[in-house]
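Those protein sequence lines, which keep their order, are chains A and B.
The letter at position 23 of the first sequence is residue 23 when you use the numbering used here, and the numbering goes up by one with no holes.
The letter at position 259 of the second sequence is residue 1259 when you use the numbering used here, and the numbering goes up by one with no holes.
If you are wondering where the hints come from, they were derived from the structure by calculation, not from laboratory data.
No residue lacks a Cβ here, since even glycine has one placed at the ideal position from N, Cα and C.
Be aware that one or more of the hints could be misleading.
Listed below are the simulated SDA-like cross-link pairs for lysine to any residue, each with C-alpha atoms no more than 25 Å apart in a straight line [to be verified]:
| id | chain 1 | residue 1 | chain 2 | residue 2 |
| --- | --- | --- | --- | --- |
| 1 | B | 1158 | B | 1106 |
| 2 | B | 1255 | A | 332 |
| 3 | A | 237 | B | 1223 |
| 4 | B | 1080 | A | 58 |
| 5 | B | 1255 | A | 302 |
| 6 | B | 1318 | A | 57 |
| 7 | B | 1007 | A | 172 |
| 8 | B | 1038 | A | 165 |
| 9 | B | 1007 | A | 5 |
| 10 | A | 172 | A | 158 |
| 11 | A | 48 | B | 1046 |
| 12 | A | 3 | B | 1263 |
| 13 | B | 1118 | A | 282 |
| 14 | B | 1318 | A | 116 |
| 15 | A | 3 | B | 1055 |
| 16 | B | 1249 | A | 209 |
| 17 | B | 1033 | A | 282 |
| 18 | B | 1255 | A | 282 |
| 19 | A | 172 | B | 1080 |
| 20 | B | 1249 | A | 299 |
| 21 | B | 1033 | A | 84 |
| 22 | A | 48 | B | 1049 |
| 23 | B | 1032 | A | 147 |
| 24 | B | 1032 | A | 116 |
| 25 | A | 27 | B | 1033 |
| 26 | B | 1255 | A | 116 |
| 27 | A | 172 | B | 1270 |
| 28 | B | 1080 | A | 332 |
| 29 | A | 48 | B | 1011 |
| 30 | B | 1150 | B | 1184 |
| 31 | A | 59 | A | 172 |
Facing chain B, according to a computed beta carbon distance under 7 Å, are these residues of chain A, among others [claimed, not checked]:
| id | residue |
| --- | --- |
| 32 | 52 |
| 33 | 53 |
| 34 | 114 |
| 35 | 120 |
| 36 | 197 |
| 37 | 325 |
Facing chain B, a subset of chain A residues (Cβ under 7 Å, in silico) [what the hints assert, rightly or not]:
| id | residue |
| --- | --- |
| 38 | 49 |
| 39 | 79 |
| 40 | 93 |
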Amino acid sequence: MNKIERLINLTAYLLDSDKPITLDELKDTVYKGQSGGGALRRMFERDKEELREMGIDVKAVKRGDGDEVGYTIERNEYYLPHLDLSPEQRVALTMVSRLFLGSGTPFSGPAHSALLKLAFDADAGAGLPAEEKVPHVHWIGVPREREALSDILEGLVRRKLLTFSYRSLDAKEPAEREVEPYGLFNRDGHWYLAGKCHLRGEIRCFRLDRIASEVRVNPASPRTPDFAVPSNFDIEKEANWDWPLPCEEEDVEARVRFSSRLAFAHTSARAPVVAVKRQRDGSLEVTYEVADPEQFVDWVLEFGIDARIVAPPELVNMARERLQAVLSVVRGRKR
Amino acid sequence: MSSRAAKRLNRILLMLPYVVSEDGASIAGLCKKFGITKEELTNDLTLLWMCGLPDYTPADLIDFHIEGDRVYIGMADYFKRPLNLTREEALALFIAGRALIEAGVFEVGSPLGAALDKIEALLAEGEAGEVEEIAGRIHVEMDSYAGRWKRIIEEGLKQGRNLVVDYYSFSTGNFSTREVEPLSLLWSRGYWYLQAWCHEAEDLRLFRLDRIRDVTLTDTRVTRELTDEMHVPELVGEYRPGKKAHNVKLRFSGKEGRRLVEEWPTARISEREDGSQELELRTRNLSWLASYLLRYGDRFTIVAPRELRQLVEDKASKMLEMYSED
């Protein structure tokens, strides 16, 4: 009998029986044909652990009034309880799982299997799962980030050290890193790990597609966390590292004029809109609160002649200098 | 989940409630639902052949047979109801859901919030607090420009009605108005896209939400459904530039090249002796690329094609002219 069959039989037996089952009884049934004694006990312990990992708790209880110990799986713990989700709630959860399905995000697999179970909630007892008409929503992941994510999430949840080789943008060669994973964030469609880097001795952010090796989760004593997350750790602060939150003193108010044809796109800036003024010719003058002038100028330049920075002079100059630099290079090469 | 055996067992226990009934279940349907091949499915199910309760006589074993495209399992009522959510599953739904509410994809006070409360209640005492703490350390930003049109598009998707989209194409610089059949909403690399069947092009098209000038819901019913052949992941961005694409060769000083290559999945980068980076990529959108490159100032040069150099020069000089007016 192979291991999976054995685990299925063990689960079926303990779940179906109304009374706890002793190890002796298991020896004659589920473990029939296995060598007995210590080896059998060790095998049973491993099987119990395996089931526990899957969320199936095999409990040891006293049987009758004697000292005899029996094992059981409590039905009310094993089966999914009736959650009484409304159709709207089920649609919402399905959208969440659809969004991540196949995306390679850490939620993709487990969220999907959770929904496969929750499908029975609608009609608990009757058996047939409910199918809903749910809008398709998908998250398209970055292929290179996929493998790393589940290991990182594991380390994050269990607070275990991660080791991997990482190539930062300005490094020629990747370097070995040991990181205490504090948090995980997604910015502009990319995943980043935030954590204490032992090499640098401080909190650093690692973009997942720059990880150049497998991510290894410290295998030693899996149930004991390797570190504590500092109480002042703030994931949003890490996620906004070079993109400071708007703050009165440093912010620049910038005005941009959009041609009437592309005026609709003025809301796609990363900077908040302060004021919008429609001109007589249909063009739009929009005032933004800009925290990151470089990035803002990049964004405006993409509009070509359909957007022009009007104020302040520093930003106008920045745009102008950028364009002059481009011209000097393309013209220089031509001659 | 550590071992492969555990993964497989998990899948079998997940599948059983779908099969343990008098009507059985369709094999093709199960394969689709669980994302496995027919062979894997039969391998999983034939394992049950020798499973059951003591004393493992034919009367105790799980009754299992396949008829045509259907599989029937009986004598296994103890596996009829699904297993409770594992900690990992509850955690994934909870964290993902919370992140989406925080990112503004779902509203606070939406049905999702109430559903998440119920999921959270499944977790053992003490675990719920831990899950909250972990959820607080994961942050997803997804609000980017979805606000204006997302609701109408979602309505179209939900009701299965066509949309009329007024769209600006950055590559051609033109607007077009077309009637499309909405198929799905995609989130990729920081942007939302509508994936739709375009009647004008008679093909699948992607529309980036922040480039939609206007969208209206029609009364016409959609005729197409999202099929596996339309499977999306590789459609977004220039993963498959096609035969008509131009070969582009650029040179960057410093780390700019490496940064660009991360945004351009099909680009190839090679380090040159002088420390500069040479980037090779293929694109159909030379015009868009020209606008995009302006941000790099004098930190890049164009090796090829000549057409791109001309486009960049035209664009930059026209824009400079604009900046020297008044």
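Verification of the hints:
1. The suggested pairing of residue 1158 of chain B with residue 1106 of chain B holds, with an alpha-carbon distance near 15 Å, which does not exceed 25 Å.
2. For the given pair, residue 1255 of chain B sits about 23 Å from residue 332 of chain A by alpha-carbon distance, which is consistent with the 25 Å threshold.
3. Distance check on the hinted pair: residue 237 of chain A and residue 1223 of chain B sit about 46 Å apart at the alpha-carbon level, beyond 25 Å; violated.
4. Among the hinted pairs, residue 1080 of chain B with residue 58 of chain A is consistent with the structure: their alpha-carbon atoms are about 19 Å apart, no more than 25 Å.
5. At most 25 Å may separate the alpha-carbon atoms for a hinted pair to count; residue 1255 of chain B and residue 302 of chain A meet this at roughly 21 Å.
6. Proposed proximity of residue 1318 of chain B and residue 57 of chain A is contradicted: the alpha carbons are some 71 Å apart, above 25 Å.
7. For a cut-off of 25 Å, the pair hint linking residue 1007 of chain B to residue 172 of chain A is broken: about 39 Å separates their Cα positions.
8. Between residue 1038 of chain B and residue 165 of chain A the CA atoms are separated by roughly 39 Å; this puts the pair beyond 25 Å, and the hint is violated.
9. Distance restraint check for residue 1007 of chain B and residue 5 of chain A: the Cα-Cα separation of roughly 13 Å lies within the 25 Å cut-off, and the hinted pair is therefore satisfied.
10. The suggested pairing of residue 172 of chain A with residue 158 of chain A is violated, with an alpha-carbon distance near 33 Å, which exceeds 25 Å.
11. At most 25 Å may separate the alpha-carbon atoms for a hinted pair to count; residue 48 of chain A and residue 1046 of chain B meet this at roughly 23 Å.
12. The suggested pairing of residue 3 of chain A with residue 1263 of chain B is violated, with an alpha-carbon distance near 45 Å, which exceeds 25 Å.
13. Restraint check for residue 1118 of chain B and residue 282 of chain A: the C-alpha separation of about 51 Å exceeds 25 Å, so the hint is violated.
14. For the hint pairing residue 1318 of chain B with residue 116 of chain A, the CA-to-CA distance comes to about 57 Å; that exceeds 25 Å, so the pair is violated.
15. Note on residue 3 of chain A and residue 1055 of chain B: the hinted pairing holds, with a Cα-Cα distance of about 18 Å set against a maximum of 25 Å.
16. Taking the CA atoms of residue 1249 of chain B and residue 209 of chain A, the gap is near 23 Å; set against the 25 Å cutoff, the hint holds.
17. Of the supplied pair hints, the one linking residue 1033 of chain B and residue 282 of chain A is violated, its CA atoms being roughly 52 Å apart against a limit of 25 Å.
18. With a C-alpha separation of about 41 Å, the suggested pair residue 1255 of chain B and residue 282 of chain A falls outside the 25 Å cut-off, and the hint is violated.
19. Distance check on the hinted pair: residue 172 of chain A and residue 1080 of chain B sit about 57 Å apart at the alpha-carbon level, beyond 25 Å; violated.
20. For the given pair, residue 1249 of chain B sits about 23 Å from residue 299 of chain A by alpha-carbon distance, which is consistent with the 25 Å threshold.
21. With a C-alpha separation of about 23 Å, the suggested pairing of residue 1033 of chain B with residue 84 of chain A holds against the 25 Å cut-off.
22. Taking the CA atoms of residue 48 of chain A and residue 1049 of chain B, the gap is near 23 Å; set against the 25 Å cutoff, the hint holds.
23. For a cut-off of 25 Å, the pair hint linking residue 1032 of chain B to residue 147 of chain A stands: about 23 Å separates their Cα positions.
24. Restraint check: the Cα-Cα separation between residue 1032 of chain B and residue 116 of chain A comes to about 12 Å, which is no more than 25 Å; the hinted pair holds.
25. A distance of roughly 37 Å separates the Cα atoms of residue 27 of chain A and residue 1033 of chain B; the hinted pair therefore is violated under the 25 Å criterion.
26. A hinted pair counts as satisfied when its Cα atoms are at most 25 Å apart, and residue 1255 of chain B with residue 116 of chain A does not qualify at roughly 45 Å.
27. For the proposed pair residue 172 of chain A and residue 1270 of chain B, the alpha carbon gap of about 12 Å is at most 25 Å, so the pair holds.
28. Distance check on the hinted pair: residue 1080 of chain B and residue 332 of chain A sit about 75 Å apart at the alpha-carbon level, beyond 25 Å; violated.
29. Between the alpha carbons of residue 48 of chain A and residue 1011 of chain B the distance comes to roughly 18 Å, so the proposed pair stays at or under 25 Å and holds.
30. Between residue 1150 of chain B and residue 1184 of chain B the alpha-carbon distance is near 11 Å, which keeps this suggested pair within the 25 Å criterion.
31. As the CA atoms of residue 59 of chain A and residue 172 of chain A are separated by approximately 54 Å, the hinted pair breaks the 25 Å bound.
32. Hint status for residue 52 of chain A relative to chain B: violated, with the closest Cβ pair at about 10 Å, above 7 Å.
33. Against a cut-off of 7 Å between C-beta atoms, the interface hint on residue 53 of chain A holds, since the closest Cβ of chain B lies about 6 Å away.
34. The closest approach between the C-beta of residue 114 of chain A and any C-beta of chain B is roughly 4 Å, which is under the 7 Å cut-off, so the hint is satisfied.
35. Interface restraint check: residue 120 of chain A against chain B, minimum CB-CB distance 5 Å, threshold 7 Å, status holds.
36. A distance limit of 7 Å between C-beta atoms decides the matter here; for residue 197 of chain A the minimum to chain B is near 16 Å, and the interface restraint is violated.
37. Taken as an interface hint, residue 325 of chain A checks out: its beta carbon lies about 4 Å from the nearest beta carbon of chain B, inside 7 Å.
38. Residue-level restraint check for residue 49 of chain A is violated (minimum Cβ-Cβ distance to chain B is 9 Å; threshold 7 Å).
39. Proximity of residue 79 of chain A to chain B holds as hinted, the smallest CB-CB distance being about 5 Å (cut-off 7 Å).
40. Because the beta carbon of residue 93 of chain A sits about 5 Å from the nearest beta carbon in chain B, less than 7 Å, this interface hint is met.
Checked against the numbered hints listed earlier, the structure breaks hints 3, 6, 7, 8, 10, 12, 13, 14, 17, 18, 19, 25, 26, 28, 31, 32, 36 and 38; every other hint is satisfied.
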